[in-house]
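J.: Residue numbers (the numbering used here), protein chains in the order written: chain A, 29 to 259; chain B, 29 to 259; chain C, 29 to 259; chain D, 29 to 259; chain E, 29 to 259; chain F, 29 to 259; chain G, 29 to 259; chain H, 29 to 259.
It is worth saying that the hints were derived from the structure and are not from the lab.
The C-beta atom is built at its ideal place from N, Cα and C for all residues, glycine as well.
All the pointers check out, no bait thrown in.
A few chain H residues facing chain G, derived, Cβ under 10 Å:
1) 137
2) 156
3) 159
4) 215
The residues making up each chain are set out below.
Protein chains: 8
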Amino acid sequence: MKKHYEDIGFAKVDHHRPRRKGFPETIYCAEKTPAQVAKIAQTIWARGHNVLATRADRKAFLAVKKVLKKAHYHETARIITALNPKTTRDPRPVTRDISIITAGTADLPVAEEAAVTAEFLGLKVERLFDVGVAGIHRLVNNLDKLKKARVVIVIAGMEGALPSVLGGLIDKPIIAVPTSVGYGASFKGLSALLTMLNSCAPGIAVVNIDNGFGAAVMAYSILKQIKRSGL
Amino acid sequence: MKKHYEDIGFAKVDHHRPRRKGFPETIYCAEKTPAQVAKIAQTIWARGHNVLATRADRKAFLAVKKVLKKAHYHETARIITALNPKTTRDPRPVTRDISIITAGTADLPVAEEAAVTAEFLGLKVERLFDVGVAGIHRLVNNLDKLKKARVVIVIAGMEGALPSVLGGLIDKPIIAVPTSVGYGASFKGLSALLTMLNSCAPGIAVVNIDNGFGAAVMAYSILKQIKRSGL
Amino acid sequence: MKKHYEDIGFAKVDHHRPRRKGFPETIYCAEKTPAQVAKIAQTIWARGHNVLATRADRKAFLAVKKVLKKAHYHETARIITALNPKTTRDPRPVTRDISIITAGTADLPVAEEAAVTAEFLGLKVERLFDVGVAGIHRLVNNLDKLKKARVVIVIAGMEGALPSVLGGLIDKPIIAVPTSVGYGASFKGLSALLTMLNSCAPGIAVVNIDNGFGAAVMAYSILKQIKRSGL
Amino acid sequence: MKKHYEDIGFAKVDHHRPRRKGFPETIYCAEKTPAQVAKIAQTIWARGHNVLATRADRKAFLAVKKVLKKAHYHETARIITALNPKTTRDPRPVTRDISIITAGTADLPVAEEAAVTAEFLGLKVERLFDVGVAGIHRLVNNLDKLKKARVVIVIAGMEGALPSVLGGLIDKPIIAVPTSVGYGASFKGLSALLTMLNSCAPGIAVVNIDNGFGAAVMAYSILKQIKRSGL
Amino acid sequence: MKKHYEDIGFAKVDHHRPRRKGFPETIYCAEKTPAQVAKIAQTIWARGHNVLATRADRKAFLAVKKVLKKAHYHETARIITALNPKTTRDPRPVTRDISIITAGTADLPVAEEAAVTAEFLGLKVERLFDVGVAGIHRLVNNLDKLKKARVVIVIAGMEGALPSVLGGLIDKPIIAVPTSVGYGASFKGLSALLTMLNSCAPGIAVVNIDNGFGAAVMAYSILKQIKRSGL
Amino acid sequence: MKKHYEDIGFAKVDHHRPRRKGFPETIYCAEKTPAQVAKIAQTIWARGHNVLATRADRKAFLAVKKVLKKAHYHETARIITALNPKTTRDPRPVTRDISIITAGTADLPVAEEAAVTAEFLGLKVERLFDVGVAGIHRLVNNLDKLKKARVVIVIAGMEGALPSVLGGLIDKPIIAVPTSVGYGASFKGLSALLTMLNSCAPGIAVVNIDNGFGAAVMAYSILKQIKRSGL
Amino acid sequence: MKKHYEDIGFAKVDHHRPRRKGFPETIYCAEKTPAQVAKIAQTIWARGHNVLATRADRKAFLAVKKVLKKAHYHETARIITALNPKTTRDPRPVTRDISIITAGTADLPVAEEAAVTAEFLGLKVERLFDVGVAGIHRLVNNLDKLKKARVVIVIAGMEGALPSVLGGLIDKPIIAVPTSVGYGASFKGLSALLTMLNSCAPGIAVVNIDNGFGAAVMAYSILKQIKRSGL
Amino acid sequence: MKKHYEDIGFAKVDHHRPRRKGFPETIYCAEKTPAQVAKIAQTIWARGHNVLATRADRKAFLAVKKVLKKAHYHETARIITALNPKTTRDPRPVTRDISIITAGTADLPVAEEAAVTAEFLGLKVERLFDVGVAGIHRLVNNLDKLKKARVVIVIAGMEGALPSVLGGLIDKPIIAVPTSVGYGASFKGLSALLTMLNSCAPGIAVVNIDNGFGAAVMAYSILKQIKRSGL
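So that you can see chain A by itself, here it is in the shape it has in the complex:
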């Protein structure tokens, strides 16, 4: 019997996760050495799973590339992916539309982290960038697109007002992602985070500052419920 996790000393790789969560363990690179990232990636791959590594810099990518020829680096998203030909069912494909919208251009890295993660999880993604509330006609003009999506991920820094406004206009589940974009009293994303948590428009839930990955997984877990319904 295969063990549920594999102990490689500095890490215990969770091979049981696809069964519990529908997709394999992913790697958060930010405070790991390139060698650690590469070793974990290799361990996941060896079990026949796809690999997703977030917050990866180029050094981490090069270390992974050495051991996994199929590794690909998404620069803006700071993500490494490697799709394993042995995998047929993991991540379980869930073909549904989500929209990812940003308030500004500076929110792009977070948006791409969400988009690349969502695509890795089998979702179809529409990107709609720079539609912040300072020029609200840009948002209103795109409402039809947003209404076609099942879930909308809204990404904003500074005052983070976009989810509130959108929440008043559509009835889709909105996953709000505050970003650390801003200066002064934005306090590295705290301002946008509080704004989103206090939204007077209901139907909004929030993930951590700059957490594009988490927003995409939340969207995936929502869409899987539809999938299971046989749609």
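With the hints as your guide, set chains B, C, D, E, F, G and H onto chain A.
T.: The following block gives chains B, C, D, E, F, G and H in isolation, referenced to the frame of chain A:
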């Protein structure tokens, strides 16, 4: 043509909301006078909508009761509801299961706010209270129930660790609600809020401290996507 | 020669202020005894000035009423005013339009503090309440009124997004007033305050949480510049 | 018919802004790549508008310079401007005096950001630097100059007391800009920000920490009201 | 040999303090029961020392009055004193001038706590109230009085700018006391505290929010140095 | 087979805890109704366990007293205990000395919460109150007593310096409990908490603000290790 | 007679510490120059003690290596050790098992700081890394190992939920170490710190963020109590 | 008549300060360019005053050295001084003893900033470093020295407990300086700052984090009072 909102001086009641959001405007009573609450309730009712008023104390209820005989007070949830016989389609019924779980007994008022709101919105709710991480077998013994739900609302104060643990065990969308239960360094819910935002288990999104209402509406907006799929 | 201030022991009443600021010293009652408030009011009145006292409860009003028969209590605004027939030029009348708008009904006390102060200072005020971003058509439908104003005071609690949205739509100077309306992560107005400070729409400046008085005086000082131009 | 915004992928440039706000969209460079800044600048220019880009480092300037020969770099202000000969009416010239004063020498970059922005918007600016409260005679000696201005922008870090003191002396609208100048318990501008928000002298409104640009636009929007009055 | 402290169960009264600090142990009543306050007061008195109890409400006073007939209640200062005829040398009399100034009337309780404590310690106190920066001529007109003092205690809430301004005008040691007077972003005295800590005028040191007692003892310890010099 | 927990609707009482933790589930009363507290107490008692309920006010006690005649109220500690004659082994008696010391008299309620809990758990407790650093001879004179204890619980509010000083003098494990005693910049215990976490003397660990209960259980878990060693 | 400390100008090396605390003074390198570290190390060594220096970078190590040939650098732990052959009794050997567990791989540096310190103090350490709550089976599978330890050090960043979960499962004293691992609303370890302080599972005490050293010394001081009991 | 200040564009040098404060304007270099520092230094020197520049790096020193040959750089203190032979009376010499003590070696830069400033102002300084509370005998052994000083400056980071302990032992005025030394929950000096503000030992006042300069000037202003008494 009916106007989209009705101006009653101190408020502009949004009669267009059912069309945009699928359910009528609700009343947040916390900083309104009983007279204001009653007047807004009456205005909503007059248009043929159901009434939901949150954070209502007994005084607000009595004021509403005078003008709406059908008003009912949910004491633990601090909610007033009044179901309008004229309403057939609003809130649009979405019959799906959600689970609402709490870490402790002290989280009950928030849990009931979520449960009563969800039931008002047509959802079928299973309550599972006091399954916090200090005795994790209580959670594990109930996993099967949770796996049957489409969405799980997890409510916890103090250290707020329950969503993280549950997020590692199931693949449902989890809406985490931090509560202000606790003392000292819980800083009125800040500790639980930060815990939930930083969860290492993905598939979790967070609403404001004590915001049972918001969690229920988020769950409703998710389940409506399934509904539309014709399930 | 009249002295520039009058020493009454616990206070030094600044009789020179009308000359420097265009209106007499006002009384902030919140942490003064009713007797102190009444004594200061009397001292200002005796010099022939009008009296404005903010954050006044009913006890303070009754104390003032005993010594100034003309005192009037504005309950929602928590303001005492007494208009002195001897005053012809103070506050200098500046007849211009300002609009005071609120995001919700719960923001009324702050809005009335601003409105009563502005009227005391000779401004013509239009009130527009409960036009928050959760139902943005209520705002858009009233844009014409706002465009007629010289200055717009925008009052909002919770996530405080209204000034940002309005700032993208009109070119008037916007004075944003965060309120302590909200719960949980609103942290008694901190959330709305940060939102307003970080607004991505320029042409907005912010006063202290719940400071309707300060917003009105800022509007007055702006309008006085127009006045001086001989308009 | 010209479209109201132009979609260049990572940004949606708002060409309708001059009509709504009186001046074209400006570029906040801080978290954009030089290539993105240059592309947005070019798009604005191509429509016949002037270009203003704030928080620009030399790299961003060089990228803009390549595509816009007329680009000019204001080093202390960290601003790029490019004046478009095709523009006759945008920004609408508003020739009025404003004073920009700083508490210390270290506040210069913020002051210059305000000054260059104001000049770009057609305002006449008087600079008065290093008149902080530690040597208040420097302020008092310059009161006459300040009294001639229509609006005064006051810039201060550390304890940020200058707007309060000035607010007691003159009746002009004061726009207070806290700066991140200081150390220890200045908490990167938080101390000055709180000071300014709590000012006991009315007639003061505050913008974000280090937000010289926002202060200038607020001043411009005030002065435009006078302009419209035909002055 | 007399023991250096006396154990009364819930407290260990420090009878050695007069020798080390020049004055007897004082009682901070805020979180003690009236019975505890009375018992400690009695213990100090029995050793022949004077009694000073701060943050005392009327209940605490009545309990002390029962056991010490000479107890006197200073209402505004919330202080109980009882002067012991047996005491000749404790507190050691230090007759020098200090000035206690406040920015506003609402700062009086803190000012009186400082003044009564200072007088208990043998200092000669001049009170100068309500000379805040919003009307700076009130301060300037009293500079001569302040220049005669050896130490100046400056008490201010809200933005707390008074010590900075005074620090630029005189060369006396300034002890700054922030008060919790204010609202909104004053955060119960945090704003004034940060202002005073960041003062750009040197020669200022700060004590805890509302700590009039501590400021008086600091002043006393400074004046004792002069005394020892034989002045 | 007995079930591991008992579901009473609003709570799931954890009957397995004695086996896992060595003592039965305890009741945190602060945010429960008296009826809920009484019901849980009864459920624990019915299984033959002892009852401990913390943060109990007199109302909760009266409700418990009605259903458990043996209930006893420790007023200062705000604790209800009920010792069950059926219990022989739970909590497992661990007879060892601990010392509980406080910096001041105002820390007594927290100290008694720790002491009563520890005694309930079978520990022998020595109380030593009011030995704070302002009169350090009181501490030094009692060092011998502290050296006899196996574990020292140190309780302090305000600046919370006592654990650091003691940590430099003895080699016992020190459990530090910050209290909310203080005012102004103590921020309800935050100051003492930070002090204790940053202690330069090692051998100190910290529990939540005012958490006397938690400190006692930590001490108990340490002493149980000695017990198991057969001492 | 040997003096109790040695004054080397910038430091006073505490040679009495082994007698008071059971182990020699250790060196916190973070804000000392390499020359200062080397000089203190040499002074400790010269008295015949072992040397432990924490938060040491390679530069500090090279400086120490020059004066102490036996110095050894533990890279991941950032610790320098030098074992002195003259030392027989210091640190007093205490041979007992402790377990050090981490939630993730990124927590390794803190875990190694704890482990190397504990080994230096004579403890036997079992390392168990990457058993965080996102895959709780990894923890449950290792419970037997943890139950054999006398003390468990639990190290976690992000939401820091691991100590709470473990505290519900075992009855060992748990020393919780929050780490600065995380991003956004982890606020450099604040989130994990608050989680651990608010744990609903008793028997947990907390040390400073990233303070592996302090956790090890706390464990050592606990185990010494067992040692003294003659076990 | 000499003007009271000199306008050099980016600064207004306050030549009147020696008369008001007893010593010339000093230069805070942290956010000024080397050229600005040099120009201000030259302006002060040209009036015949001594020069003191704090927070100066080597670049600033080299710029000053070019224009003032007598400039001297105090590396640890990060201070530039230049003593002007033309100055006889400024700063007014005040020959009295102060002690500067630190809790640890890492506090040296702040201590030297205080010491060099104090010496520049004519004070006689005794340095006593590394006497923190973890080894309190080092403090107690030096009490006699401290008792000879008129004023004691106490400098400490981390938990910052030293002033409290010392405040219980001596009756001198204590100026407490929190430093940013520490990690984790020290929050860059906030922990030490709060500790010092909440000290239970009276006779302590606090300056900003790392503000050695401010402490020295406060000491100087105290000692000048003695001087004036003719001692």
